[in-house]
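A.B. asks: Given next are the chains, with one letter for each unit.
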Amino acid sequence: MSTEMYKPGSYPNLPPPPGTVGFYGWIKSNLFSSISNSLLTIISVVLVYYLIDGIIGWFFFDAVFDADSKIECRKIDNGACWAVITRRVGQFVYGFYPEAERWRIDISFLTMFIAFAPLLYPDLPKRKWLLWFSGIYPFFAFVLINGGFFGLAKIEYSLFGGFMLTVILGVTGIVCSLPIGILLALGRQSKLTVVRTLSVCFIEFMRGVPLITLLFVASSMLNYFMPPGTNFSILVRVIIMFTFFSAAYIAEVIRGGIQAIPKGQYEAADALGMNYWQTTRFITLPQALKISIPGIMNTFIGLYKDTTLVVVIGLLDPLGIGRAALADTKWNGLSTETYLFVALFFFVSCFAMSRYSLWLENKLNTEHK
Amino acid sequence: MATNKTKSSKPVIEIKEMHKWFGTFHVLKNISLGVNQGERIVICGPSGSGKSTLIRCINRLEVHQKGDIIVNDVELTGDLKNLETIRSDVGMVFQSFNLFPHLSVLENCTLAPIWVKGLPKKEANELAMELLTRVKIPEQALKFPGQLSGGQQQRVAIARSLCMQPKIMLFDEPTSALDPEMIKEVLDTMIELAETGMTMLVVTHEMGFAKKVADSVIFMDEGEIIEQNDPKNFFNNPKNERTKLFLSQILNH
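Protein chains in written order, with the numbering used here: chain Z, 16 to 384; chain B, 21 to 273.
Simulated from the structure, these hints should not be mistaken for laboratory data. Yeah, the Cβ is synthetic: ideal placement off N, Cα and C, and Gly gets one too. Careful: at least some of the hints might be erroneous.
[Claimed, not checked] Label-pair distances were calculated between CB atoms; the ranges are:
| # | chain 1 | residue 1 | chain 2 | residue 2 | range |
| --- | --- | --- | --- | --- | --- |
| 1 | Z | Pro23 | B | Ile211 | 34 to 40 Å |
| 2 | Z | Leu66 | B | Asp199 | 53 to 59 Å |
| 3 | Z | Val327 | B | Phe42 | 52 to 58 Å |
| 4 | Z | Glu219 | B | Ser268 | 41 to 47 Å |
| 5 | Z | Lys278 | B | Ile211 | 25 to 31 Å |
| 6 | Z | Thr126 | B | Lys142 | 34 to 40 Å |
| 7 | B | Phe42 | Z | Asn290 | 56 to 62 Å |
| 8 | B | Asp199 | Z | Leu213 | 32 to 38 Å |
| 9 | Z | Tyr39 | B | Glu201 | 37 to 43 Å |
| 10 | B | Lys142 | Z | Tyr39 | 42 to 48 Å |
| 11 | B | Lys142 | Z | Gly105 | 54 to 60 Å |
| 12 | B | Trp41 | Z | Pro277 | 22 to 28 Å |
| 13 | Z | Tyr291 | B | Trp41 | 22 to 28 Å |
| 14 | Z | Glu219 | B | Phe42 | 28 to 34 Å |
Only chain Z is shown next, with the shape it has when bound in the complex (with noise of 0.2 Å):
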């Protein structure tokens, strides 16, 4: 009966029809706009619940926590046996790093949050001031973890393991290749032949070749090229290694960030009278980075998943330590809940990461604000 008549000019805001905003109106349009779409609503919520039901009760109702070895975990209950991590879940966050000198690794971790704050939120109240220590970060975790400094002992690569090697692994490699990736980047658009020419030899073999190759070279053949008596660790080889691979993948996504951006931008920037460092600087790389957020946090991601690769060079990242877990004959047959935690592990640290550039994004989307 909306039949109002209104002067030109003066026809008011009406409210939507009811029902077709809000919570109910979610509800109506997305489960229940047709009668097939109710019952396939219906039948999801039950297989859904059916579903959760049993894992649960797998995971905790029905789990035991601890136990000496996997037949008294059956005697006990039919759930997950999480004996077999909580019996070892030091070694699977150290590795062999001797118990004593644990609380070394802690204080590298958790001061590491404070290292990265100033970097990963810009924003942040003091951020000066923070910064320095993440300028000094490297050298302090370093002397900690590694020891041979002010009195504390040297604790030998080959203890290192578990979680802690996969966060030393993948934190130093991703910290290193993302300023090798974005030099390669801008050698490979460079003017000068020879940058240019050896920017892309570089990239097209780093990434021409399996990880798992270069890891190899990396434990086997990499002391023949270095001179004689020289003779970094495994542990630096394998970085280094981590950091040339992804910094090639990476080096790509920020080139498509660079050729995404409109040659304007360019001709203002020379036009205001910037030269080629200034307008990199300033125009190139914070809009090019912007865009390429999504492709190198997924590059982030795949050299933190891929650390774990590492085991096939006798390393004990988490996975090796699982497989020493399930060989001893107490826990023989356990994998599904040893894989499972190492994945867990995996899931959060790289769901966080995936959080972090979703959130970085937001903010610097300047378009709609």
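Dock chain B against chain Z, hints included.
C.D. replies: Here is chain B on its own, set in the frame of chain Z:
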């Protein structure tokens, strides 16, 4: 409008028998042009006639292959140092604004003064606010370009160029990408700028603007300057056939 042609003796821009090719295509043919201090020149012509390319040669966004271009007594060559001097003396406004979308309006205006001219941040901010006030959008200073209308963006672009305190301003079809209702605000800004005595070279199809502020109008076709005259004679009594045809096409619709 009054002309100041007699005022200055030495041209600030001098182009002598300049040629330019894109590959084998001869875009600019034997261009000679002198622009005096404070002179306002409007360049018009059909699309593809080389008018944008011509003004882009003046700050070497395009490189000419033959002839000389002298700006403020400095000759345009491959020498980077000369180029930087010229570019900080010559402002340019583009058809598509080319604002930096990741920087606020204020940062757009202060970036080059701070890093190219070495102006302290505080002074650069004050100067930018003064010029944003002059183009009548000081209240948008902290917004991002993507939040502004086309006309506002173009006025920011003008303010950004003026922040470098240039001696010459180049306008490359500044109103062609704008909605009709926004063209006027940009033209008004340009008219005000002309009144301050700025040397201006404007590529545009806005003949009203040409009639109102130009000291001299140039008609270009197929890479050549066909005709140059003061606006009164140019519009009322064009000499060349092609000029007549062009004017009849753009004025009678």
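A.B. asks: Each of the hints needs a verdict: does it hold here or not?
C.D. replies: Hints, one by one, checked against the model:
A beta carbon spacing of about 36 Å between proline 23/Z and isoleucine 211/B agrees with the range 34 to 40 Å that was offered as a hint. Separation of leucine 66/Z from aspartate 199/B is about 56 Å and conforms to the stated range, judged on CB atoms against 53 to 59 Å. Distance hint check: the CB atoms of valine 327/Z and phenylalanine 42/B are about 55 Å apart, consistent with the given range 52 to 58 Å. Checked against the hint of 41 to 47 Å, the pair glutamate 219/Z and serine 268/B fails, with Cβ atoms roughly 59 Å apart.
The beta-carbon spacing between lysine 278/Z and isoleucine 211/B, approximately 30 Å, falls within the hinted interval of 25 to 31 Å. Hint check: threonine 126/Z to lysine 142/B, Cβ distance near 37 Å, so the stated range 34 to 40 Å holds. The hinted range of 56 to 62 Å is not satisfied by phenylalanine 42/B and asparagine 290/Z, whose Cβ atoms lie roughly 25 Å apart. One distance hint, 32 to 38 Å for the beta-carbon pair aspartate 199/B and leucine 213/Z, is violated here, with the actual separation near 49 Å.
For tyrosine 39/Z paired with glutamate 201/B, a C-beta distance near 42 Å keeps the hint of 37 to 43 Å intact. At roughly 55 Å, the beta carbons of lysine 142/B and tyrosine 39/Z sit outside the given window of 42 to 48 Å. For lysine 142/B paired with glycine 105/Z, a C-beta distance near 57 Å keeps the hint of 54 to 60 Å intact. For tryptophan 41/B and proline 277/Z, the Cβ-Cβ distance of about 25 Å falls inside the hinted range of 22 to 28 Å, so the restraint holds.
In this structure, tyrosine 291/Z and tryptophan 41/B meet the distance hint of 22 to 28 Å, their C-beta atoms being roughly 25 Å apart. Evaluation of the 28 to 34 Å hint for glutamate 219/Z and phenylalanine 42/B yields a pass: the beta carbon distance comes to about 32 Å.
Taken one by one, the earlier hints fail for this structure at numbers 4, 7, 8, 10, listed in ascending order.
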